[in-house]
Structure formats: structure tokens, C-alpha cells
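K.L.:
Residues per chain, in single letters:
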Amino acid sequence: MSQHMSESESEPRRDADRRVSSDQHGETLIEVDDLKTYYEGNDFFGGQPVKAVDGVNFEIARGETLGLVGESGCGKTTLGRTLIRLEEATDGEVRYDGTEVTSLSGSDLKQWRRNAQMVFQDPQSSLNDRMTIGEIVREPLDVHDWKTPRERREHVRDLLETVGLQKEHYYRYPHQFSGGQRQRIGIARALALEPEFVVLDEPVSALDVSVQAKVLNLLEDLQDEFGLTYLFIAHDLSVVRHICDRVAVMYLGNILEIGPTEELFENPANPYTHALLSAIPEPDPTVDRDRIILNGTPPSPRDPPSGCPFSTRCPAKIRPEEYADMDDDVWEAINLFRVLLDERARADLSIRDRVREFRGKNVRFDEITEVRSELFGDLDLSADVERHVDQAQEYVEAGEFDRAREYLAEEFDSICDREAPSLCTVGDAGRSSACHRHDDEYASPDEEL
Amino acid sequence: MSMEDPIETTNDDASTATTSDSSSEPIVTVRNLQTAFFTEKEVIRAVDGVSFEIEVGETVGIVGESGSGKSVTARSIMGLVDDPGRILEGSSIRYHHPETVENYAEEYPDHTVDLAAAREEFDPADLLEDPTLDASAAEFADAGEPVPSADDIDVADDIDVADVIDAGYGEELGLVDEDDFVFVDRSSADREDNYVDVTRTSGESLRKLRGGNIAMVFQDPLTSLNPVYTVGNQIKEALRLHQGITGKEATEEAIELLEAVGIPDAPQRVSEYPHQFSGGMRQRAVIAMALACDPELLICDEPTTALDVTIQAQILELLEDLQEERDLAIMFITHDMGVIAEISDRVNVMYAGEVIESADVETLFAEPSHPYTQGLLESIPGRQVGADRLSTIEGDVPTPNEPATYCRFAPRCPKAFEACDRVHPESVPVDDGAEDHRVSCLLYPESESEADRIALHDRLGDPESDPEGAGDATEGGESR
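Line order of the protein sequences matches chains A and B.
Note that the UniProt record's numbering numbers the first sequence so that position 284 is 284, with each residue one more than the last.
Note that the UniProt record's numbering numbers the second sequence so that position 410 is 410, with each residue one more than the last.
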């Protein structure tokens, strides 16, 4: 192994009989076309489905590492699981080497599964404590009836060495290993069937930095050695920057920006990417950055906003023309007011409150005057805005929530609330980003932020 | 601290008017903290001789990998160490808030020790000559005092009665009773001379301190909230227990607290259950609970580890705002070097139960001195530009299950040399004149020759410097 290392350092390309090296991408391995994964509401009356993945398109080239980042609940794990058929896609296509895989079944599916494996996040819960390491790593081989039992055992021992463990570990149990070593076992298991594509679902999030560095190095070595293609799901952006060739930024089931790692990190195009990058704490106390702090949390994927998914939190949201010069604080207060109304309208009521509501009591928002004075109290509203807010308040007081919301929507909605942006090309390295601000009509996100 | 100092107002001796001129205003001083877990198999010294100080309004970061003893340090300060864990004798955690100390002194006169009287009565220098007591100067030297020069380690002059009591000789010498925990010196307005020793409190006196003065925010907000009570209810519980506020007044206070931590629509939220809150909101609610009783010290144990970066940014900003508003001292525990750089003023790096490096945050990141700190920083992706492979630290964090008579990092250290296996490194300044940047490593102080350095560490660990007795100092207070 060490000999190989020194060889590879002296010459850029490895020995000729090695399989595809990682810098040799180009050929597309996986194509994802308008993929949707919904979890049906298990409500008695059906209810709204959870739109975990809501129409994504991208490609992964052979031998490349695509990073998938986003906040928790944005659907990145579901997307990864759908790609390797651990979840059923609701709609759309996944083509693997030209084969459509979302419709595979029976022995075809089993055969295909060899190609695509997964490494899970939590090394504590992804290994069966009652099985020895050998049994765990050998299980996929047994399932697929790979060669003879003797060859399987031999293969497993080799694999253990490949991932930096020892042959003797074959008969040990998971509890005898540290977190980093357990993750190595998970990796060995994923590699047992010699797959081409591996989904790494937060493989290092549960590990300490020094251990994390070792596992990342191992993953890179394995990719070089076996020509693996990775989908690397993570929320730690510095890790993603280190290991990925390209990155996709996900938000509420949609990909908002995708492109080559360095370019995306150096010069993010989408406002969400901007905000996400600015939120990473830099391990350097002298850096003083303008941080964009996003308000609130992502909306529920059961009831996503009608326009751009990011519109409820976007710091660069396009305003209607007549309010273009409005004071930022006022604009923020209005948006907050609307979010509040939405939340209140959606809130589950207790039975007692439902009865009161039925009797005509305004239980959802009985202290509207207070809320209003808190939001707008010390702001200078123009006569127009004042009138609109008054009107909305009147509707609320009369218990007509939807009317108040519609009224405000009509007045303050912009293209961001009405239309979902589609991915458009930015930069010149094949990067694309979904934001209305890439339209020439509006100021670009960079200027706005 | 600018208003009236209750200690001073009760002070008849008007000559001491040096209240707030002293630049250091410690809120808590941890000295030689040793917390060990006594299992059937072995004694695990989870925290092994940790000393540091937190001042009013500052954020002290504690950073280290899992198993380094960060959380146990925090739990020791909170008095939350459970069986089979025990804080060993010789440890002290002095809580310095003047008003609190005064209240304690009034409430527990029987448990109060007058340090001024004790000082008059007893000269610590005698202690070292007393052959019946097996005391050594080094026991009292390691807690933040300047390091004695290599040829002269006559530290007896610097020893204070309080240190003698901390080291566990107080009872033997008849200076204190077993159950004393308030220490006051009414002749001195110095914060450092008036304190409550958290390690000595128990029962009611501890409960009042915990929650009322020292509050803690844990890693996982969902497990620190009770799912069957509304968020408001849980905040009100703290208000009722510590401040006796109930009913409508408590509800209003709870709403105000939720607003203070940036929860929108607080009047509605106060009657909701934890499951109706998102992760970030839950952590805000937990912080609101911690702030309910207006603590002076907030201990945050990985408060953002379970959260997304965008939410983490919100929480960090909230903590900074609250700190400014309330002059809070914050002890912030994390394994994330980025977060540490962001929020701390000073940083203590822990490894296997010991603080191995301590410096203000800029210095630490600009000139990491301990090989472990260097390795830790180098293994963060993205710090070295253009590096293809991440550098790593070989091996794993050891379990500190025997007294440290050697450097615990030596087996993994790229710079280890022969002496590292037999001499325990003590905390020394990195270099002359760099008193604030201290490191426990035989490579320092940098200006001395190797032989002098080893001799210095050796003597600090044990002044008689006979190799056989090297373990004495750390073993001093093991049995009670």
C-alpha cells in the first residue's frame, strides 16, 4: 500500500491497469430527471403529502464526488435513499448507466443493487451489535450468493485491511470498536459487493475532527483505488469543500444551486447559498465577516410556499415595484406579520378552542392589536402601508383570516411568491442556480446582499 | 459590579476602597479540579487537575475531543456528578459573585469561615515544615501562580490559607469544619477573597446555586425539555422554585423571557408543547429556562452541535446579545474549532482530563503551541489551502485511568522525546512574558534548554524531585 502511495505521488496518473481514476470523469453515470419523493399523509382523510424531494434534476459523472448540502429536513437524505431505491420515487426518473432504475423490480433490482451501496450516518446504530464484524461485512455477499463461502471470508479479510482495520478483527463485535473504526466497518460493508456508486450519508458527522480527517482520507484513497462515484451528503460545509468535486445545495426538496465546489464556495450565486456559507463558523478568530442571519426555520415540506421555496426567509427577496424604496425594517415587519398570520391560521387548536372558534370567538388571534403595535409600533409607516395593515387587522379582528392573508398577498406579493424559479446557468463552469434575481430584469443577488 | 458592593458596605474598615480597580473580576475559579469515576474495574480520572478562571462578562471556551473531560468539568461546576463519580479532595470551585456570597454568609452563618481570622491564626509556611503533614509546595503552586524560576522554588510565601484549605488540610489543622462552604474575608473587598466553594456545598445550598446562579444549557434540547408539560410551564417551574413567582405574574415573566431569546409570537408559544417547537426554537426555549433566574454564569455544553449551521448562527448570535445585555459569564463547551473561534474570548484545550493549553482565542489560533492543539487545528478541512490530504493525529484518546506521571499525549505526539514518558508536564508559560499563554508540554518554556525544561516540570510536579515520589502530588487527596 505504502509503495503505491509513493508511486502515485511521483506520477500523476496511476499504473495503467488501475481502474478509472477519479480525475477521469466525464461520462455520466447517474442522471436524475424531475425526481419526486412524497411521503403520503397518514391522516385518515389523506391530508397533504410531505414533499421531501420535489422535482430535482442533476447528473453525476463517473468517478466524481457530488456533495449534497442543506439544512436538516431539506430532503437530502431522502434524495440519497431514493437514488439507490431505499425509498420509492413518487415521480420522475433515475437513470443509472442508461438503465431506468425507479421501475426495476424482482431479480433485476437485486442485480442492480450490487452497484449502489450506502454508508450511514450513525456508526453506533448502523451495525448489528449481535453480529461479529466478519458477519456484518459478509452479509451482503451472503445475500447475493457471491462465490464460495471460503472466498467470501477471504474477501472480507481483505476488505478489513483495505479500510485500515486488521484481519483479526473478523471475530470481534462492534462494541469493541471506537466510533471511527465502526465507521470503517460500515464502509467495508458498503464496498463488499464492489459497487460503483456509494451514497455517503453524513459519514463523518458523528466523529471527532481528528478521526474525521482519517475517515475522509480513507474515502479519498478508496475512490482512487476503486474508481468509485460518491454522493456525499453532509451539513458540514468545510468537509464538503474538501472532498467534493461538485456541490448541490438543497432547500425544501429543491436544488437551488449546483456547480463545481471551488467556484460555488468562492462566488455563490444563489441567496440561500450565500446565507448558508456565511453561517459556517470559520476556525479563525481574526476573520470578521458580514454574516447573513436567516430568520426562522425552513417552512414545512407538507405545505411549501407557492413560489420560490426560499421566499419566506430570503434576504434578497424581490419586492413589488411600488415598494422598492421601502425601509428595510418596515419590509421585514410586514413579512413577519404575514408569517405570523400564516402560522396562526395553520396552528392546531385544542378542542376547547375549537368549540370557542365555532361559537364565533376569535381564538386564533385575540391579541392582534398588541402584536401589531409590537411589530409596527416604532416604525415609520407610509400612509399607504398603514392603510393596508389596518385593513388586514380589521379582517383579522372579524375572524376572516384567509381574507386578511389574501389581501396582504395581493398587495405585497412579488414574483418570488408567485412563481418558482427554474435553474439557469450562471458563471462559465456549468453552474446553475434557481433564483428570480438571475433574470436581467432584477438586480443580481450579489448586488442585493 | 459597578453599583454597590454588598461586601464592602458591610465592611467597617473604610481603608479598603479598592473595589473595581482590579482588572480581573472572576466569577468562578476552578482550581486543581479532579473528578474521578470509581468503577469496579478501574478509577477513571475524567477530570484530572484542571484549573481555570471565568471572569464577569467573558466567554471561556473549552474544546477537546470526545472523552477529554469537557462535560464532566461542566457537570462538576454544576454539582451534577453522580455516583460512581466523585470530586476528589483537593479540588476547589470558588464561586465569587459578591451578592451571592453575602446572601450565603447571612443564611448559613454556621457554615461560614472567616478567612481573615484564619490568616491571622495560621502561617501557611509552617505547614511545609510540619512533618506530620505530607504537604509539598507544589500542591499550592499550580493554580495560576507565576512559575517559580528553575533554581528557586520557594513558593511558600505565595501560599494562602485558602489554598491550604482547598488542598484538604483545613480540617486537620482545625481551620474549617467538614461542612463549611462559605469563605469570607470582611477586611478585603477583593472578589477573590470571598467565595462559596461549590465542591463543599450540598443539598439545599447547592440547589440554590445551581439554576439560581449557575445555569446550564445542554446539547440536545429535546431531552432537556419535558414532553408532557408546556414550555411555559417549565419556565414557570424554575421561576417558582428559585424566585417564588407564581400565577399570572410568572406567565408574564415567561413570555418576556421567550421574547428575550427571540421566539416570535411568545404569548402563543408559551402554552405550546416542546414537540411543537423546531430544533432551534427548542434550544432558545432551553436558554430562556436557563436565564429564568438571572444567573451570572451560563454553562453551555455543546449547545449548537445538534443544530444546522444557519440555526447555529442564530443561537450564537443570541448568546452574544444576551451576554452583552446581562453581563453574563459564559463557559462554552464544544468540539468545533470554528464555533470556538467565533464565540470565545479565551480558550482551554482539554486532552484526557487535563487542560493542555490555555490562551486567548487569537493567540491560540495564530500560535498553537501544544503539539495536540497543532494537530487538532491541522486536521480541520480547509485550514491549509491546497492540501490534498488532511493531516491526522495517529492513535486514539486514551482513557485516563492511572495517575498522570507522564505526558498522556506522548504516545501520539510527533514531537515526543524520551523524557515525555517519565515526567508529567505542568502548566507553564509558553515563553518569558507570555503569562497568559500557558501550555502543559515539556517543550516549553521555549527559552530554556531541554535539561532545564525537564528539571522545571519535574520540580513543579514534585519539588523534592525524586523520581519515586513523582505521583504524590496528584494522588494527594484521593481517599477521604
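Be a bit skeptical, because a hint or two may be false.
[Said to hold, decoys possible] Pairwise CB distance ranges, derived in the manner of DEER restraints:
hint, chain 1, residue 1, chain 2, residue 2, range
1, B, V228, A, D329, 38 to 44 Å
2, A, N295, B, V228, 29 to 35 Å
3, A, L109, B, V228, 43 to 49 Å
4, B, E42, A, R150, 40 to 46 Å
5, B, D114, A, N295, 50 to 56 Å
6, A, D329, B, N226, 33 to 39 Å
7, B, G247, A, P305, 50 to 56 Å
[As the list claims (entries may be wrong)] Below 25 Å or equal to it, Euclidean Cα-Cα: the simulated SDA-like pairs (lysine to any residue) are:
hint, chain 1, residue 1, chain 2, residue 2
8, B, K248, A, R354
9, B, K41, A, H175
10, B, K208, B, Q234
11, B, K41, A, P174
No lab work stands behind these hints: they were computed from the structure.
A virtual CB, placed ideally from N, CA and C, is assigned to each residue, including glycine.
K.L.:
Work down the list of hints and note, for each, if the structure agrees.
P.N.:
Here is what the structure says about each hint:
1. At roughly 40 Å, the beta carbons of V228 (chain B) and D329 (chain A) sit within the given window of 38 to 44 Å.
2. The supplied range of 29 to 35 Å is met by N295 (chain A) and V228 (chain B), whose beta-carbon atoms lie about 30 Å from each other.
3. The beta-carbon spacing between L109 (chain A) and V228 (chain B), approximately 44 Å, falls within the hinted interval of 43 to 49 Å.
4. Distance hint check: the CB atoms of E42 (chain B) and R150 (chain A) are about 41 Å apart, consistent with the given range 40 to 46 Å.
5. The hinted range of 50 to 56 Å is satisfied by D114 (chain B) and N295 (chain A), whose Cβ atoms lie roughly 55 Å apart.
6. Remark: the range hint 33 to 39 Å for D329 (chain A) to N226 (chain B) is upheld by a beta-carbon distance near 37 Å.
7. The beta-carbon spacing between G247 (chain B) and P305 (chain A), approximately 40 Å, falls outside the hinted interval of 50 to 56 Å.
8. Among the hinted pairs, K248 (chain B) with R354 (chain A) is consistent with the structure: their alpha-carbon atoms are about 24 Å apart, no more than 25 Å.
9. A C-alpha spacing of about 18 Å is found between K41 (chain B) and H175 (chain A), which places the hinted pair at or below 25 Å, so the restraint holds.
10. Only pairs whose Cα atoms come within 25 Å are accepted, and K208 (chain B) paired with Q234 (chain B) is accepted, the gap being roughly 17 Å.
11. Between the alpha carbons of K41 (chain B) and P174 (chain A) the distance comes to roughly 21 Å, so the proposed pair stays at or under 25 Å and holds.
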